[in-house]
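Asks: Since chain W is already given, all that's left is putting chain B on it; use the hints.
Number of protein chains: 2
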Amino acid sequence: MTTNDTSESDILFERAKSVIPGGIFGHYKYAVRPSGPKFFSRAEGAHFWDVDNNQYIDYMCAYGPMILGYNHPAVDEAARKQHAEGNTVSLAAPIMIDLAETLVDMVDAADWALFGKNGGDATTLAVMIARAATGREKIIKIDDGYHGVTAWMQAGTPGTTEADGVDVITLPWNDVDALESALTANPGKIACFISSPYDHPVMRDNTLPMDGYWAGVEALCRKHGIVLIIDEVRSGFRVDLAGANSAYGFTPDLVCFGKGLGNGYPISALVGNDALKSAADSVFFTGTQFFNAVPMAAAKATLEELKKIDAANTMTRLGTKLNEGLVNVASQHGYRLNATGIPAMPYYRLDGISFEAHTAWIDECVKRGAYFLFYHNHFLSTAHTDADIERTCNIASDAFAAMGSPDQYQE
Amino acid sequence: MTTNDTSESDILFERAKSVIPGGIFGHYKYAVRPSGPKFFSRAEGAHFWDVDNNQYIDYMCAYGPMILGYNHPAVDEAARKQHAEGNTVSLAAPIMIDLAETLVDMVDAADWALFGKNGGDATTLAVMIARAATGREKIIKIDDGYHGVTAWMQAGTPGTTEADGVDVITLPWNDVDALESALTANPGKIACFISSPYDHPVMRDNTLPMDGYWAGVEALCRKHGIVLIIDEVRSGFRVDLAGANSAYGFTPDLVCFGKGLGNGYPISALVGNDALKSAADSVFFTGTQFFNAVPMAAAKATLEELKKIDAANTMTRLGTKLNEGLVNVASQHGYRLNATGIPAMPYYRLDGISFEAHTAWIDECVKRGAYFLFYHNHFLSTAHTDADIERTCNIASDAFAAMGSPDQYQE
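Top to bottom, those sequences are chains W and B.
Residue numbers are given in the working numbering: position 183 of the first sequence equals residue 183, and the series is strictly consecutive.
Count along the second sequence from 1, then add 411; that gives the number in the working numbering.
Simulated from the structure, these hints should not be mistaken for laboratory data.
Bear in mind the structure is a predicted one, so any value in this text is a computation, not a measurement.
There could be a bad hint or two in this list.
To give a feel for the contact side, a few chain B residues facing chain W, derived at Cβ under 8 angstroms [said to hold, decoys possible]:
#	residue
1	Arg426
2	Thr572
3	Phe701
For each residue, glycine too, the CB sits at the ideal point set by N, CA and C.
The following block holds chain W by itself, in its conformation from the complex:
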């Protein structure tokens, strides 16, 4: 089969560079590959088309927001209806209450909800609430845990200061003993422990919680009066609609949602328990766009649809099938593919060969219409079909054939 021409993307990218630093910024920048697609022209269901009119089966789902498929009719209809009534107005919208009630109904850990735009709004607010509630300043996070671009999250990178990092303690994943040591070393100083429900770093295999890990963390948090914050911005509604903690058997104090919450409409949410409600009310955290009513209507419709179609289990089934198919195809070509993380958010790595060779294989898949990313976990949506997955396995097989023998790429 022929591979995609992406010359229109390249032309646009050159134009972009003159008016946007880097041409494409933020996390989208890291997906830019010399011969890869860079700009989309349209999207529908689980597919998008680039500006050269190549079609892709999309396993990034806009880095997570797309969970029911692009242009989902029920979500778009709810958004259209709210837009006709009003979006960003000088008063709050009644839909804000409906959405909070829907989240409180659906999410086990939720007694209340607050809203923002990006996941980073929710994680930042969560940490502020923990500090306000405890009167303590230090926070504990996991080594490669990503919780948005707030300064405390990325202390040490360009544009951050020494002070940004002074209250942040980082610990290895799946290590209750390390947490206990950190608590012993900082008595009465730790406001919160913030972590995703399982470890989904970039550039390396993802790791699920060990048996007993979350029970151990929860017990330590309770013992030391530490607020337990779960960042489900990425995994939200892809592990369990009631919260990943319900699947993993523990109870956090605060849970951050974003991405899938609005199926592409910009909204994030922080939910929490009643014990933290007055602390939540004491923190000043806001934004001009936090009160957009349209994304709230879209989020409510998204949550209802997710529930109706048993979405987390649907995506788990699809992801499992994709993982099995790809591992099998790899094996047929003499490659070993590691699929880690949860099935609805698989991280792929070709084992035993160089990272460059792994990346080259991803490029070969993208060129043939399966949109994978070399360094990041992927996302399933409920719009992916068995036919998409079968076609993806065929593409992967062609990509392995183009790569040739794995022997030439041994590490």
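Replies: What follows is chain B alone, placed relative to chain W:
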């Protein structure tokens, strides 16, 4: 005339309190008044209706985003068209380039643009770029200057830490000497000076720049290698479409836009000069929703419409007329109304009487259908009409009549 019944708002507010801390959160919380409207049901042009079906002439414009009128046909059409093609997709949208080019064309200080959701995204990114470019950590801001809810902005409030404030120096407005002293006291340590183009604090009169102020600030910044950041999140396109600095005669390095940029669609932008382009590229600043294409299309259409109708001058004319009308009406009832700030964003304060009495007058206006806010500057839009303003003056007159003689409220 009868005043508005807001019982449905109150019922919703009670319901909201059980699932949202405070019932209404963020900056919207501070507008909640015992007998005032709390939730909207619809909006159109310069008006909105509350859930009790009372109509209001809206002088808050959703705290600024509404600049061309609610449900503006050209903006909504551009948004609809982009939505049909795709909103949040796994690749960037070509409209991102178009929008950056439009900003670079229109805004004097812009050689490039980056995008976020809220104004606070733009101010936070601006400060990070300044720190990355200079290798310095300290920032200077104006005493009551508001630049979003980032920790450095609101150090000292619940949920912030001691470290959040260590690199922030605050100075009085309109005081070049104070800036010079701060620079002398911190040689080689100041990364940036961030300020709105004129002083628009809450709870007190707003103040325009004194003659020579910005020229003085600019000269000091140049002399000491300090990045000059103008926060036009609130004032953007309401002073001058090319940037308030063009009206005030100086050249900043970075300018932050938000609010009016998308006429209610959630988007903010940071624009800057070529000297800072590589520093901008070096900072990691992103969000899941930064790549929403629909608000970008809406913003491009908004900018084009603003230009077509000479919007800043239109709003200045309307605001001047409103100020003159209200001052005159106040005087007829024996009150002195101070209208400060720019005409398109007037801050009102009844002079010589208590703040409670001022607030009571605002309440009386709101009850009669003119949506003012007691503690915050207001916003004009291009959708306000001369008839709106005449009706507002009549409402204000009725509100003064309901208040009775100012003598009873003397401070």
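Asks: In ascending order, which of the hints set out earlier in this document are inconsistent with the structure?
Replies: none
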